[in-house]
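Given chain A, work out where chain B should sit, using these hints.
Residues per chain, in single letters:
Protein chains: 2
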Amino acid sequence: MECGIVWIMAAEIEFLPQGTVTSPEGFFAGATSAGINKRAGSKLDLAVLFSEAPCLAAALFTTSRLKAAPVLLSQQRLKSQEKIGAVVVNSGCANAYVGAEGLANAAEMAELVGEGIGVPPEDVLVASTGVIGVPLPMEKIRASVDRIILARDGGGELARAIMTTDSFAKETAVRVKAGNSQFTIGGAAKGSGMVHPDLATLLCFITTDAALEKGFLQKALKKAVDASFNMISIDGDTSPNDMVLVMANGLGGSVPHDAFEPALEQLCIYLAKRLAGDGEGATRLIETTVGGAVNLAQARAAARAVVSSSLVKAAVHGADPNWGRIMAAVGRSGAEVKESKFDLYIGQIAVVKSGEPLPFNESAVIKLLKGKEVPLSINLNLGSGSATAWGCDLSPEYVNINSQYMT
Amino acid sequence: MECGIVWIMAAEIEFLPQGTVTSPEGFFAGATSAGINKRAGSKLDLAVLFSEAPCLAAALFTTSRLKAAPVLLSQQRLKSQEKIGAVVVNSGCANAYVGAEGLANAAEMAELVGEGIGVPPEDVLVASTGVIGVPLPMEKIRASVDRIILARDGGGELARAIMTTDSFAKETAVRVKAGNSQFTIGGAAKGSGMVHPDLATLLCFITTDAALEKGFLQKALKKAVDASFNMISIDGDTSPNDMVLVMANGLGGSVPHDAFEPALEQLCIYLAKRLAGDGEGATRLIETTVGGAVNLAQARAAARAVVSSSLVKAAVHGADPNWGRIMAAVGRSGAEVKESKFDLYIGQIAVVKSGEPLPFNESAVIKLLKGKEVPLSINLNLGSGSATAWGCDLSPEYVNINSQYMT
Chain A
1 MECGIVWIMA AEIEFLPQGT VTSPEGFFAG ATSAGINKRA GSKLDLAVLF SEAPCLAAAL
61 FTTSRLKAAP VLLSQQRLKS QEKIGAVVVN SGCANAYVGA EGLANAAEMA ELVGEGIGVP
121 PEDVLVASTG VIGVPLPMEK IRASVDRIIL ARDGGGELAR AIMTTDSFAK ETAVRVKAGN
181 SQFTIGGAAK GSGMVHPDLA TLLCFITTDA ALEKGFLQKA LKKAVDASFN MISIDGDTSP
241 NDMVLVMANG LGGSVPHDAF EPALEQLCIY LAKRLAGDGE GATRLIETTV GGAVNLAQAR
301 AAARAVVSSS LVKAAVHGAD PNWGRIMAAV GRSGAEVKES KFDLYIGQIA VVKSGEPLPF
361 NESAVIKLLK GKEVPLSINL NLGSGSATAW GCDLSPEYVN INSQYMT
Chain B
1 MECGIVWIMA AEIEFLPQGT VTSPEGFFAG ATSAGINKRA GSKLDLAVLF SEAPCLAAAL
61 FTTSRLKAAP VLLSQQRLKS QEKIGAVVVN SGCANAYVGA EGLANAAEMA ELVGEGIGVP
121 PEDVLVASTG VIGVPLPMEK IRASVDRIIL ARDGGGELAR AIMTTDSFAK ETAVRVKAGN
181 SQFTIGGAAK GSGMVHPDLA TLLCFITTDA ALEKGFLQKA LKKAVDASFN MISIDGDTSP
241 NDMVLVMANG LGGSVPHDAF EPALEQLCIY LAKRLAGDGE GATRLIETTV GGAVNLAQAR
301 AAARAVVSSS LVKAAVHGAD PNWGRIMAAV GRSGAEVKES KFDLYIGQIA VVKSGEPLPF
361 NESAVIKLLK GKEVPLSINL NLGSGSATAW GCDLSPEYVN INSQYMT
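So the protein lines, in turn, are chains A and B. Taking the numbering used here, the leading residue of the first sequence gets 1, the next gets one more, and so forth. Taking the numbering used here, the leading residue of the second sequence gets 1, the next gets one more, and so forth.
Next up, chain A with everything else stripped away, as it sits in the complex:
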């Protein structure tokens, strides 16, 4: 589905083989290695995304009450500015919880970039990811900004520059044809640690050349994020820096809403699944679908409870067919559940039917649990609510990575 052509309503959605955040018309990107985090060596860690035409923008930010400085600055600017011209983003340092200098440093990053590319500094947004509580090394950033070369094919550099403990870059683009109109949406995301279903818990930059209205753009983003980034879990934590941003420069002309919405959702789900499967130390993607819930919200709560359960995640890591943990997770999710109606499948193998455990082929189930994608499905048989959530297994490697992140 993600590589071929999908028809939704009257729109044809095609995933582009080398799609990036610069696939839509008029977007440029580039990155450099500023040496922000010593440990990262010469890794790309400072990137700029730029549109030759000013963009309408919409965003979702972390729900934390203690937000990082770049989040506070970008929130402010999205409110005060009509259009946005560029984003500057760094990895290796979160610019969070560093006191008053945080906002000043975020503002200076925007200023340095704005001056270099001829965009008013107030029209530049800022994002950061990395270690919390350490000030940005501004002298390194000042010395490096000018080295960034913006290019029409620079999207891949940006996707790599925002990685922290991610093991691969997450990016894609979709081309959409709907009647006479055609447009492209591109996206790049980073996740890995601190990813959980509680709003935009990651960095994601989405670009499009579709011409849209601001109100619609915000609504469409919320809807797409609810079905994608809010349905993944890695470790239950939420970062102070999370941001999902969409920029629309309108160069492709106006497009029907009912073509844009599903395309944006498909793009977000594609990126979300890659984030979920690349959790720190993860070896497997867990895909949990809950059907028959009383409503959509309950289906989502139940599906997320399963992929968030440490015990389910550890059992999947060991390919242990301990399905009771899946049932226990649904039971405590808050969703309405009747034991006598509960069905559970691992892959196509029925494990529980109407609340009664069934004898099953254990070696077949273990084989499924050892696959790259572990499909769990639950039918609550109570209503028509249905949802899918994605997570990863929990491995000893997760603990190793997170015991030594700072020191």
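Keep in mind the hints are simulated off the structure, nothing from the lab. Treat the hints with care, since some could be wrong.
[What the hints assert, rightly or not] Straight-line Cα separation of at most 27 Å, DSS-like style, residue types lysine-lysine; simulated pairs:
1) Lys341(B) with Lys79(A)
2) Lys79(A) with Lys338(B)
3) Lys83(A) with Lys214(A)
4) Lys38(B) with Lys177(B)
5) Lys38(A) with Lys367(B)
6) Lys38(A) with Lys370(B)
[Claimed, not checked] Covered stretches of chain B, as calculated for chain A (at least 3 residues, CB under 8 Å):
7) 53-66
8) 117-129
9) 211-220
10) 336-344
Glycine is no exception: its CB is placed at the ideal position from the N, C-alpha and C atoms.
Below, chain B without anything else, positioned relative to chain A:
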């Protein structure tokens, strides 16, 4: 505090050196090895707690919507019966999610025990802990019940019989003197995996010879559990079997409420801390105190968020002074927080003051993080709400244990 004598109000609370669930007057216990879980070998796994005088009882149960059969049965009996005579409990099998036979098996356990000790079967409660989704081996239980010998000093056997992956038994008793009255409260608990602040997420049996009224007993239990078992976290999961039960046989005569409440709370906190420090794979107890919150509920939410954070737990395991994760956990807890008022201490060392990170002696902080008890304290400086929560570090061993539990 836990070993000496504590004065609260007009009551003197003394922790008894060898205190158990049979320390209060009139309580008997005993256990046997029924071989319920093959892997456990000859471990004690079936126990009975009995009072020579019928007891008023109060309990808190799991909030899961999919409750295990013994929980359903015990809930029912607490409603229908005036008094309770005994409890039978097994480890090694949860008797959960096994379909219709679950309730029948739980009822038969109560019947077998009731007949053996001369208590009406309806006055016997049932509790189970262990693997989910596997039926109780009833033939083994039938063959073993008669082997249990009830003794006035049998509390220790019960505490050992309810252990699963616990590395030591958790039990204690307090003797309270208040004016002319004296009474004893005993308790035994098991926890380890699946422990989280969401009600009675463990098995805990509390006994007392104090004479109390049922309504007060339930209220006092709720209050004590909110300050103890609801303030600990090991892995964020909630079991279908969780139960905290208190039985009061009245043999010690009536006691003042304001002496019973703090004593019960002290006992529960003692047991809860031992549960938290003995999480699967845990090497350290994390004690987080949040002060200056807008109210008690927010202080509790913030303290629990810290001890529940996988990232904080992993950082403590690695003695990594990554304090930003503590701040991030408070930020997403839902509690009201102002960055400019936030103070954070590790032990007595100030790490953040009024939102500004302070230079600190890193080797001293690392030493604190390597201690058996890691004290974190936060002052939100917004109000007078204050609370303490307990958790443990997250080690690769946790993942190892939980990858192989069933197979």
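Hint by hint, here is what the structure shows:
At most 27 Å may separate the alpha-carbon atoms for a hinted pair to count; Lys341(B) and Lys79(A) meet this at roughly 26 Å. A hinted pair counts as satisfied when its Cα atoms are at most 27 Å apart, and Lys79(A) with Lys338(B) qualifies at roughly 22 Å. As the CA atoms of Lys83(A) and Lys214(A) are separated by approximately 10 Å, the hinted pair is consistent with the 27 Å bound. Taking the CA atoms of Lys38(B) and Lys177(B), the gap is near 45 Å; set against the 27 Å cutoff, the hint is violated.
For the given pair, Lys38(A) sits about 25 Å from Lys367(B) by alpha-carbon distance, which is consistent with the 27 Å threshold. Restraint check for Lys38(A) and Lys370(B): satisfied, since their Cα atoms lie roughly 26 Å apart, inside the 27 Å limit. Three residues within the 8 Å Cβ limit are the bar, and the region 53-66 of chain B against chain A gives 5, so the coverage statement holds. By the rule of at least three residues with a Cβ nearer than 8 Å to a Cβ of chain A, the coverage given for the region 117-129 of chain B is violated, with 0 such residues.
Residues of the region 211-220 of chain B with a Cβ under 8 Å from some Cβ of chain A number 0, which does not satisfy the need for three, so the listed coverage is violated. Given as covered by chain A, the region 336-344 of chain B passes the check, having 4 residues with a CB less than 8 Å from a CB of that chain where 3 are the minimum.
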